[in-house]
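> Sequences and hints are given; from them, build the entire structure.
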Amino acid sequence: MKNELARALAASLCTTVATIGIVPSALGQTLPDRSTLSATRLMADADAPETPDGDYTRPVLTDATTRPVLDPIVVVATRTERPRFTTPAAISTISAEQIETLQPYGFQDVFEAVPGVAVQGGPRRIAEEPAIRGFDDERVAIRIDGTRQNFNKAHGGRFLLDPDLIQSVEVLRGAGSAVYGSGALGGVFDIRTRSGRDFSGGIDGLGGRVRAGWQDNGQEWRVSGLLHGQRNDWDGLVALGRRELGEDLRDGDDNRILASRDRLAWASARFGWQPGEDQRFELAFDHFDNQGINPSNANAVAEAGTLVDRDSTRRQVRASYRLAPEGVDWLDLRATVHRNVVDTDEFRLDDDRQDRSDFATNGLELVNSSRLAGDDRRAVVLTYGVEAYADRQRGQRNGAARPQFPDASARYQAAFAQLELPIGSRLSLIPGLRWDRFEYDSAGGFADRDDDRLSGRVAAGIELAADWYAWADWSRAFRAPSLTELFADGVHFTVPLAPGQIVINRFVPSPDLAAERLEQVQAGLRWRHHGLLQADDRVQVDLVYFRSDVDDFVDQVVTFISGPPRFDPPTRTLVFPGITRNLNVDAVLTGAELEARYDAERWYAQATLSLLDSRRRGEDVGLASVQPDRLRLVLGTRWLQRSLTLGVGLTAARSRRDVPAEALTTPGHGEVDVTLGWRPQQGALAGFGFDLALDNAFDTGFRLHPNPVSQPGRSLRLSVSRDFSL
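Residue numbering for the sequence shown follows my numbering, starting at 6 and increasing by one per position.
Worth flagging that the hints you see were computed from the coordinates, not collected in a lab. Just so it is clear, CB atoms sit at the ideal spot from N, CA and C, and this is done for glycine as well. Do not rely on the hints blindly, as some may be mistaken.
[Claimed, not checked] Only pairs whose alpha carbons sit at most 16 Å apart, straight line, appear in this in silico EDC-like list of lysine to aspartate or glutamate:
| hint | residue 1 | residue 2 |
| --- | --- | --- |
| 1 | Lys158 | Asp142 |
| 2 | Lys158 | Glu490 |
| 3 | Lys158 | Asp348 |
| 4 | Lys158 | Glu392 |
| 5 | Lys158 | Asp350 |
| 6 | Lys158 | Glu351 |
| 7 | Lys158 | Asp316 |
| 8 | Lys158 | Asp494 |
| 9 | Lys158 | Asp412 |
| 10 | Lys158 | Asp363 |
[As the list claims (entries may be wrong)] Simulated restraints on C-beta separations:
| hint | residue 1 | residue 2 | range |
| --- | --- | --- | --- |
| 11 | Val346 | Val526 | 34 to 44 Å |
| 12 | Asp472 | Glu308 | 48 to 58 Å |
| 13 | Leu354 | Arg571 | 28 to 38 Å |
| 14 | Val306 | Gly461 | 37 to 47 Å |
| 15 | Leu354 | Asp625 | 36 to 46 Å |
| 16 | Val463 | Thr642 | 38 to 48 Å |
| 17 | Leu469 | Gln561 | 42 to 52 Å |
| 18 | Ala420 | Asp704 | 52 to 62 Å |
| 19 | Gln646 | Leu537 | 15 to 25 Å |
Below you can see the structure in the form of structure tokens.
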């Protein structure tokens, strides 16, 4: 372990000697449920034998389950249901129960325990940006209920939903373009939201849930409620919620985090129809709104003249269909069509400037899996599909075109195929290939352009013994440049230097920017065991090594002053020019990840370690935005027939000082989180849920690299929920 990481860990451990706390068990996972088609025939509960590698069983479309399993069924790596232990990919899962116990302020709390994953952007929720293994923002794909979330605006976040709506999350760490196309260089966040059958469990009737919570740091109140129902073939859910941060947050040094207040509101509706056990239709509507007074650069320190009244809204409509007839081996069809619109309105307070940014994605995806040969245990499965989607963006400033968010569009068409091929009784191969074509056009007078890419993957896994599994993966992936990266123009920022002197930094369009290309190798080793310390316990350890070689990595270079000044007679000002441009560079990222999990009747524990090194090819300096090495430890205990959960979580992060000249450096830190959850199983309080969380328990002052704004200090969160039937 690096010295600074060890010192941060030791410092935090010293402060927790007399402290008992909790974070939710990473071992009590919820079985993922794709479009409410449960995989109960693959794994019914935590005590059932785990499915061998290659088991291909038709999904049962009824009886959705949320029973905990140590090794859940996962879908994100192959688009087919597979036990995580024998899937040759680096995958982490998060359940709704874990999220509820965390009571997250934002998504940084949700993904804190996932190795290789960071949520950058700082403490303002509108600025939260994803990163996996050093690939940030639009270099990772975000999918919500099978739909692309392509919105990207400089200094803005992409997690435009509230964690309270989430049923489960799968995180694929590593290149995923062979299955998901552009943007999956670092990996994929596959988020599934709640449906009516998630609550009904296949039982007719009406019910609901109400929840209220409070956080002392920022004086935040939150309320949410939902109604769900099922009758015969029909099911539905309607959910509403609101969160409001009434005061600015305070950091660990008791300083105000200026302009951090916001108000979140959301509404969702789901309607499903299952005319039989072999098919399901679903129609969904989502509305999410984040409003707050923040800096125009939402992940920067607030200063006079930079504040805007910002209102960001995401609206989505989705229709999906699945058909999986029993006994028809060649047909397991999934179809999704969606429209996703994000609008951002910004009113700058000091001069009444009004900016509007509109972004829309329309998409269609068809995927089918066919069993070609073999029995249920060792089947040959071919998965193939097509996808088409289009992004359109437009920016306005005071009613006129805004070149900083240019009027432009992109269209994508893709086809892919993947084969799951068992060889003998222990070995399996998964080759895959995807072709993507993309076209751009812009209203800025630039020539239209088009391009295409082939993405490939070959993964192999072998059961070395009953409790040992080894895997390796080779992938090629790509990311098409974003519309803003290609066509942004106009003034980026202005900075006064002295009386009568000013810097005006302008964007330089990069219409010839090449697509990023990646070649990645990964290798992993897994071990699991039952009865290690006592008869009912389970332990599982995952080790992963990876190397990613990136050609034409898009790097934004800001030259603060790019030339001699000029005198502007009307304003009697000396103007220093500066430029911001996007360049293609080559980079290499290498790293290792460890995830160890232990679960017994009374105790559970988890340890995750992320080590990451980055270099521009041929240079001995790291990339500026790559997250630091990080260690996360979790220890917890359960009482009262597992209804009361108590434990402690500790995070230690190394400093980031190996960065290019003039880039921001970040010191290392250690942080402790405490939570407590109680779910009474009987008596007058049955159906209630009580949660307490103490985030950053020792009020540590720290920043998340590469953001200049400090994270919130000690935050006490309380919530009460009630499930009921009608």
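> Each hint: holds or not?
Tested hints:
1. Lys158 <-> Asp142: At roughly 10 Å apart (the allowed maximum being 16 Å), aspartate 142 and lysine 158 satisfy the hint.
2. Lys158 <-> Glu490: holds, 10 Å
3. Lys158 <-> Asp348: holds, 11 Å
4. Lys158 <-> Glu392: violated, 24 Å
5. Lys158 <-> Asp350: Holds, at roughly 12 Å.
6. Lys158 <-> Glu351: Distance ~13 Å between lysine 158 and glutamate 351 Cα, so the pair holds.
7. Lys158 <-> Asp316: holds, 13 Å
8. Lys158 <-> Asp494: Holds: lysine 158 and aspartate 494 sit about 14 Å apart, inside 16 Å.
9. Lys158 <-> Asp412: Holds, at about 13 Å.
10. Lys158 <-> Asp363: The hint holds at about 10 Å.
11. Val346 <-> Val526: 34 to 44 Å: Check passed, 39 Å falls within 34 to 44 Å.
12. Asp472 <-> Glu308: 48 to 58 Å: The hinted range 48 to 58 Å holds for aspartate 472 and glutamate 308, with Cβ atoms some 57 Å apart.
13. Leu354 <-> Arg571: 28 to 38 Å: holds, 30 Å
14. Val306 <-> Gly461: 37 to 47 Å: holds, 44 Å
15. Leu354 <-> Asp625: 36 to 46 Å: At 45 Å between Cβs, range holds.
16. Val463 <-> Thr642: 38 to 48 Å: The hint (38 to 48 Å, Cβ to Cβ) holds, given that valine 463 and threonine 642 are roughly 43 Å apart.
17. Leu469 <-> Gln561: 42 to 52 Å: Between leucine 469 and glutamine 561, where Cβ atoms are some 45 Å apart, the hint holds.
18. Ala420 <-> Asp704: 52 to 62 Å: Hint holds: Cβ distance 54 Å, inside 52 to 62 Å.
19. Gln646 <-> Leu537: 15 to 25 Å: holds, 23 Å
Of the numbered hints stated above, the single one contradicted by the structure is hint 4.
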